[in-house]
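Sequences are here, hints too, so could you generate the full structure?
What follows is each chain in one-letter form.
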Amino acid sequence: MKRKLIIFAVSLGLAGVGTALAHHSFSAEFDGNKPIRLEGTLSKLEWMNPHSYFYVDVKDDKGTVVTWGCEGANPGVLSRQGFRKGDVKLGDSLVVDGYAAKDGAHLMNVRRIYLNGKLIFDGSGEGGQ
Amino acid sequence: MLRTSSYRKWLAAAALWMPALVPSPGFAQGLTAPDVKSTKPAPRTADGHPDLSGFWRGTRDTKPVGNLAKDLPGLKLPFTPAGEAARVHNTTATIDPESLCILGGIPRHDASALPFEVLQGANKVAFLYWYSYFRLIPIDPKRKHSEDPDPSFFGEELGHWDGDALVVDSIGFKDTQVWADENANPHSDQLHVVERWSRPDYDHIRVEALIDDPKFYSQPFKYARTWVLGKPGEEIHEYSCSENNVDRDHLGFGPGPIRPDGTRGFDELKPLPPPLPQTTKK
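Respectively, the protein sequence lines represent chains A and B. Anchor point for the first sequence: position 37 equals 37 in my numbering, and the numbering is continuous, going up by one each time. Anchor point for the second sequence: position 108 equals 108 in my numbering, and the numbering is continuous, going up by one each time.
Any given hint might turn out to be false.
No more than 16 Å apart at the CA atoms, straight line, and that leaves these computed lysine to aspartate or glutamate pairs for EDC-like [as the list claims (entries may be wrong)]:
1. Lys37(B) with Asp61(B)
2. Lys102(A) with Asp249(B)
3. Lys37(B) with Asp201(B)
4. Lys174(B) with Asp189(B)
5. Lys34(A) with Glu268(B)
6. Lys222(B) with Asp71(B)
7. Lys70(B) with Asp261(B)
8. Lys34(A) with Asp267(B)
9. Lys34(A) with Asp103(A)
Label pairs and their in silico Cβ distance ranges [what the hints assert, rightly or not]:
10. Ser38(B) with Ser79(A): 25 to 35 Å
11. Pro78(B) with Lys62(A): 52 to 62 Å
12. Val66(A) with Pro214(B): 18 to 28 Å
13. Pro220(B) with Ser79(A): 37 to 47 Å
14. Gly104(A) with Pro41(B): 56 to 66 Å
15. Thr279(B) with Lys62(A): 42 to 52 Å
16. Asp61(B) with Lys85(A): 31 to 41 Å
17. Lys85(A) with Glu147(B): 43 to 53 Å
18. Ala126(B) with Gly104(A): 40 to 50 Å
19. Glu243(B) with Ser43(A): 17 to 27 Å
Reference listing, derived: stretches of chain A covered by chain B, where coverage requires no fewer than 3 residues with Cβ under 8 Å from a Cβ of chain B [claimed, not checked]:
20. 28 to 37
21. 46 to 52
22. 67 to 75
23. 97 to 105
24. 108 to 119
Everything labelled a hint here was simulated from the structure, so no lab data went into it. The C-beta atom is built at its ideal place from N, Cα and C for all residues, glycine as well.
Below you can see the structure in the form of structure tokens.
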């Protein structure tokens, strides 16, 4: 498994350049005022279009498991950046940073992924297109 | 554990960390590219026309991306009252058709930041788009538009050469489930687009478009754009849009906020939680 860091984002100063790269506008689904960090276990990976989805099982303080769908770029974009589906596997311990869905669904837009504490994907500089 | 604690503690820390995580302009995105200076002339086909074939990426100098008003003063489109009403409808009562896996068509694709590929033959030219759809344009100066073409997202497109420019004249567009650009600007079924595609040198393709839609715009307006040639071997890949469209039931109306620079999106996102400490750097 690769351990390299994938820097996916454009810089803050160039954020507008990324406009229209996404299949849908960020703000049509996600809230830029709702940053969130999840810690859990990868339970499913959908390496599909129009977006990849990393499903992460997260336990709350009472031990109840909630599955979050974490939206990434589409496989064509990720693979062009060097991020492969084999870079993570089911059961991996992940920390995922991103922005939560506006409608309260357990969905988030991924900006960072840590595997066993190591940063393997960084889209933190991407704007909110 | 799901952490939902207050962000106050890490706001300052995030502000300090973010610059360190911001990549340099040399990042290898692959979808857009810095502009380049070309020293080679455009290739030509056996019949002497410029060969537009290639994998083309938008340049980072194209601003604003996704906005048909890019070349107009104040980024203001000349809406008719009906056009303004259509704009309001699109932004407040419609979900982005592309996010529902409906074809984007033109002129939207001329404004998109996504790469595309051109395959040019003697009598036809194909434009292949990121979302695995295409337009196939006949090159025939004798061919005329149909009297009543079936409405489509790319319109009825006719091509002919005018010197070194491939002129694509298109009418017969759909007027529902269409956004004319990423910002939800509208077009009607009266849309008439004339694109002049050229390859000024080996590394660039350019379009100069005249967009006329008397129902929604009080006068025709121009849109011009240049793309740069991709790397050898780059090509469009398979993209099945409706394969797993998790988002479709969670999408709101419209494009979201439009920034002062004319692109869609948030000006400022609330900072993410502070990055986890890393013992090694790559």
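Cross-check of the supplied hints:
Between Lys37(B) and Asp61(B) the CA atoms are separated by roughly 13 Å; this keeps the pair inside 16 Å, and the hint holds. A hinted pair counts as satisfied when its Cα atoms are at most 16 Å apart, and Lys102(A) with Asp249(B) qualifies at roughly 12 Å. Taking the CA atoms of Lys37(B) and Asp201(B), the gap is near 9 Å; set against the 16 Å cutoff, the hint holds. As the CA atoms of Lys174(B) and Asp189(B) are separated by approximately 5 Å, the hinted pair is consistent with the 16 Å bound.
Taking the CA atoms of Lys34(A) and Glu268(B), the gap is near 12 Å; set against the 16 Å cutoff, the hint holds. This hinted pair checks out: Lys222(B) and Asp71(B) have alpha carbons roughly 7 Å apart, not beyond 16 Å. Restraint check for Lys70(B) and Asp261(B): satisfied, since their Cα atoms lie roughly 10 Å apart, inside the 16 Å limit. With a C-alpha separation of about 15 Å, the suggested pair Lys34(A) and Asp267(B) falls inside the 16 Å cut-off, and the hint holds.
Restraint check for Lys34(A) and Asp103(A): the C-alpha separation of about 11 Å stays at or below 16 Å, so the hint holds. For the pair Ser38(B) and Ser79(A), the beta carbons lie near 28 Å from each other, so the given range of 25 to 35 Å is met. Pro78(B) and Lys62(A) have their C-beta atoms about 59 Å apart, which keeps the hinted 52 to 62 Å range intact. At roughly 54 Å, the beta-carbon separation of Val66(A) and Pro214(B) lies outside the given 18 to 28 Å, and the hint is violated.
Against the hinted window of 37 to 47 Å, the Cβ-Cβ separation of Pro220(B) and Ser79(A) comes to about 41 Å, which satisfies the hint. Gly104(A) and Pro41(B) have their C-beta atoms about 57 Å apart, which keeps the hinted 56 to 66 Å range intact. A hinted range of 42 to 52 Å is violated for the C-beta pair Thr279(B) and Lys62(A), which are about 33 Å apart. With their beta carbons about 34 Å apart, Asp61(B) and Lys85(A) fall inside the hinted range of 31 to 41 Å.
Roughly 51 Å separates the CB atoms of Lys85(A) and Glu147(B), a value that falls within the hinted 43 to 53 Å. A beta carbon spacing of about 44 Å between Ala126(B) and Gly104(A) agrees with the range 40 to 50 Å that was offered as a hint. With their beta carbons about 20 Å apart, Glu243(B) and Ser43(A) fall inside the hinted range of 17 to 27 Å. For a cut-off of 8 Å, the count of residues in the region 28 to 37 of chain A with a CB near a CB of chain B stands at 8, and the three-residue condition holds.
For the region 46 to 52 of chain A, the stated coverage by chain B is satisfied: 5 residues place a CB nearer than 8 Å to a CB of that chain, which reaches the threshold of 3. Counting residues of the region 67 to 75 of chain A whose C-beta sits closer than 8 Å to any C-beta of chain B gives 3, which meets the bar of three, so the coverage hint holds. With 7 residues carrying a beta carbon less than 8 Å from a beta carbon of chain B, the region 97 to 105 of chain A meets the three-residue requirement, and the given coverage holds. Counting residues of the region 108 to 119 of chain A whose beta-carbon sits less than 8 Å from any beta-carbon of chain B gives 6, enough to reach three: the coverage restraint holds.
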